[in-house]
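Undergrad: The hints should help you fit chain F onto chain U, whose structure is shown.
So the sequences go chain by chain: U and F. Going left to right, the first sequence walks through residues 1 to 426 as the numbering used here numbers them. Going left to right, the second sequence walks through residues 1 to 426 as the numbering used here numbers them.
By construction, these hints were calculated from the structure, which means they are not laboratory data. Please note: incorrect hints may appear among the correct ones.
Note that identical chains are pooled: a pair holds if it fits in a single copy or bridges any two copies.
Here are the simulated lysine-lysine pairs, BS3-like style, with alpha carbons at most 25 Å apart [what the hints assert, rightly or not]:
hint, residue 1, residue 2
1, LYS287, LYS277
2, LYS248, LYS53
3, LYS308, LYS277
4, LYS277, LYS118
5, LYS92, LYS159
6, LYS360, LYS66
7, LYS304, LYS277
8, LYS287, LYS118
9, LYS130, LYS118
10, LYS66, LYS248
11, LYS53, LYS92
Small disclaimer: the values here were computed from a predicted structure and weren't measured.
2 protein chains.
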Amino acid sequence: MADLIQEWSEKIHKQLARKQAAATELLQGWVREQTVQGNERGLQEQLACYLQKLGLEVDLWYMDGKELSQHPYFVSPRLDFSESPNLAAVWKGTGGGRSLILNGHVDVVPIGDRLQWKQDPFGGEIVDGKLYGRGSTDMKGGNLASLLAIEVLRDLGVKLKGDVIFQSVVEEESGGAGTLSAILRGYRADAALIPEPTNMQIFPKQQGSMWFRLRIKGRSAHGGTRYEGVSAIEKSTQVLAALARLEKRRNERLSDPLYAELPIPIPINVGVIEGGKWPSSVPDLVKMEGRMGVAPDETMEQAKQEMKQALAGLAEQDSWFAEHPVEVEWFGAQWVPGSVPSDHPLMRLLGETFQSVTGKAPVIAASPWGTDGGLLTALADTPAIVIGPGVTEVAHYPNEYIRLADIFQCAAIFALTILRWCEPAE
Amino acid sequence: MADLIQEWSEKIHKQLARKQAAATELLQGWVREQTVQGNERGLQEQLACYLQKLGLEVDLWYMDGKELSQHPYFVSPRLDFSESPNLAAVWKGTGGGRSLILNGHVDVVPIGDRLQWKQDPFGGEIVDGKLYGRGSTDMKGGNLASLLAIEVLRDLGVKLKGDVIFQSVVEEESGGAGTLSAILRGYRADAALIPEPTNMQIFPKQQGSMWFRLRIKGRSAHGGTRYEGVSAIEKSTQVLAALARLEKRRNERLSDPLYAELPIPIPINVGVIEGGKWPSSVPDLVKMEGRMGVAPDETMEQAKQEMKQALAGLAEQDSWFAEHPVEVEWFGAQWVPGSVPSDHPLMRLLGETFQSVTGKAPVIAASPWGTDGGLLTALADTPAIVIGPGVTEVAHYPNEYIRLADIFQCAAIFALTILRWCEPAE
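Looking at chain U on its own, in the form it has when it is part of the complex:
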């Protein structure tokens, strides 16, 4: 099999080099499409055309939110997906080979504070070989690597035994409804690659995570006699402290060596706070929304129970919480944790290919965040491995960027991996 690398490596690299300028412009266009939640249609339609011209069987579909919401794995803050189609494109094999899904999401998170961006967040500006913009790293750069891998193989006239399925899904950033829909539509394969930004580390294990909403009660009063009320904002600081203690406990007992390098392997992040309605009233309600990491070796339910207990424990330090317990709701997004054995055939094959292209041994680690890989592994029986260009450190940040060279290196690794996994037909 390593002969395939010797045979094809140079051709693939040469073909990729020819495509660099056009591919860079393509990615700039993708970033400029501003595919925040609810605004994915434009880019998905553009991609559908592109893949059709490449000769793949294209499937662009609109999810029925109402129907999909009946599924136990459905999580999304919305049911209307009329501006958010999913896309799959199949490169049909001649038969007898292993199939592979290349799964990536097209949705991007909001830009946050505009003032912290030095560039236009949706400009796609290129400085020193880095392309800037929301979604560049998470994960349009990775999607481009997948697309280029398919494109160069087709340019070079390759025919494969196994199917290659390119997926551009929506809704990954809020729980995976896009990938869920693709699975229910019948898309599955012998394995999957997800080019989320791992800085080209290989992640066989993926942290799960889920979103929570807390309601912290107070008692209203006039601000001028605030001592006669109970401030839900003041009470919230105790809740934040309890969450910090819970996070510490959960991480201290985590022994998986793949997580050894991470300061907080399974973090609890409070992302949104909102409370009170009037500056001169004592606030009687604060809502917090956040994300709780779930270890690969625990269930979602176990994690939920632990959160519940930690919040119930507040009653011991403050009787207010005994009478007004903090309410927890699990809503919106959820990523099932995923795990592929280290000795899975694609793990070995991918590692060898990586080494051959980069000249370095691959770093095997565990993802500090959830991906759609959990769903693919758990629900579609499609073992999913996460590896992609771009660094986690800039995902969801202002000034997000991706190194263009990393995308092309990933494309080369993917092209060779496809060739070896799906096998040439002749």
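TA: Using the frame of chain U, we list chain F on its own:
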């Protein structure tokens, strides 16, 4: 002068007793009008008709927000007052007497958490002699007392030397633009009574207050690697602690004996918090809005400076704040502190009248909250004293109520006070 009390007390009480049922229904109607900010027009028009029928010279006017906003004392979160007219009604005297303004606001604060209300917040339900609803105590009950005082005197055929001016203003809850407009329209008098809920204590001194907005910065990151960002929500807990220390310092040095009974004479209340946009992102910005009490013996500017210094001090305990200072903005509402000397003739006259009606010595105290009295005193040279039915403890709270008996007692005190201050014409 005390002869006037002997002569009129019984007549006034009898006439008030006849009016109780109708007056109670009137107040229920007022509460049901839901006069939250921007929804005052209906009740103001209804009041205008009522006062016209009583024979007063009625003036219902719409403020020009743009023009008014040029005034240094203007503070309001809005410029559009098209649904929020002001109302003044003059009972013209025959001349040669002292004039009196009865000033009250028609706007009410929002209801807060609906679930904490046992009654319909705008139902005006009566249980055990208490009328429930937002605005019952703050301050429609007080306004009814003013109106009844005028009405019974007119019923009894009284003619006065001095003018009595009934004012129903908007916008008191967010800074006094209504009273400011009334002053600029020319309304002023030898003194003013403001029936805010003091539980019939007499407040010659009024705490000032102003609204602030703080911006606390963080640095965004993916929630799964939250340790790579800086949470603006976590930083906010340090800001809250700094505000608590500032409040403690400011109150410890307060020596005014009128404030001796209050746990926190000039509180700093954080009423609103809002930060972050996405549960699984580290929040990069938190906004807080609140109210800072201002002592009668300090200027607004001094209080602002002290807040600024306290927030600047955060940089010493955390270098994050040195690089990302908390921003302060003074916005929306502002109540100028006010002070009437204890030996002012209306103070003496009011105290005697109170004693005669209730059989008890009046309690002289200082208001724990700002009122429009500061503007009247400072800008219109109209010394304003605050005294009214209802207890502060229920203002701005769920289940706000007012004891109906307290309103009628206040009406009697006001009727006699008007009679003695403005003097019968014949």
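Undergrad: Please go over all the hints and tell whether each is borne out by the structure.
TA: Hint-by-hint comparison with the structure:
no.	hint	verdict
1	LYS287 to LYS277	both (12 Å within a copy, 13 Å between copies)
2	LYS248 to LYS53	neither (52 Å within a copy, 71 Å between copies)
3	LYS308 to LYS277	between (27 Å within a copy, 24 Å between copies)
4	LYS277 to LYS118	between (33 Å within a copy, 20 Å between copies)
5	LYS92 to LYS159	within (9 Å within a copy, 100 Å between copies)
6	LYS360 to LYS66	neither (48 Å within a copy, 68 Å between copies)
7	LYS304 to LYS277	between (30 Å within a copy, 23 Å between copies)
8	LYS287 to LYS118	between (31 Å within a copy, 22 Å between copies)
9	LYS130 to LYS118	within (14 Å within a copy, 60 Å between copies)
10	LYS66 to LYS248	neither (39 Å within a copy, 54 Å between copies)
11	LYS53 to LYS92	within (15 Å within a copy, 87 Å between copies)
The structure fails to meet hints 2, 6 and 10 from the earlier list, while all remaining hints are met.
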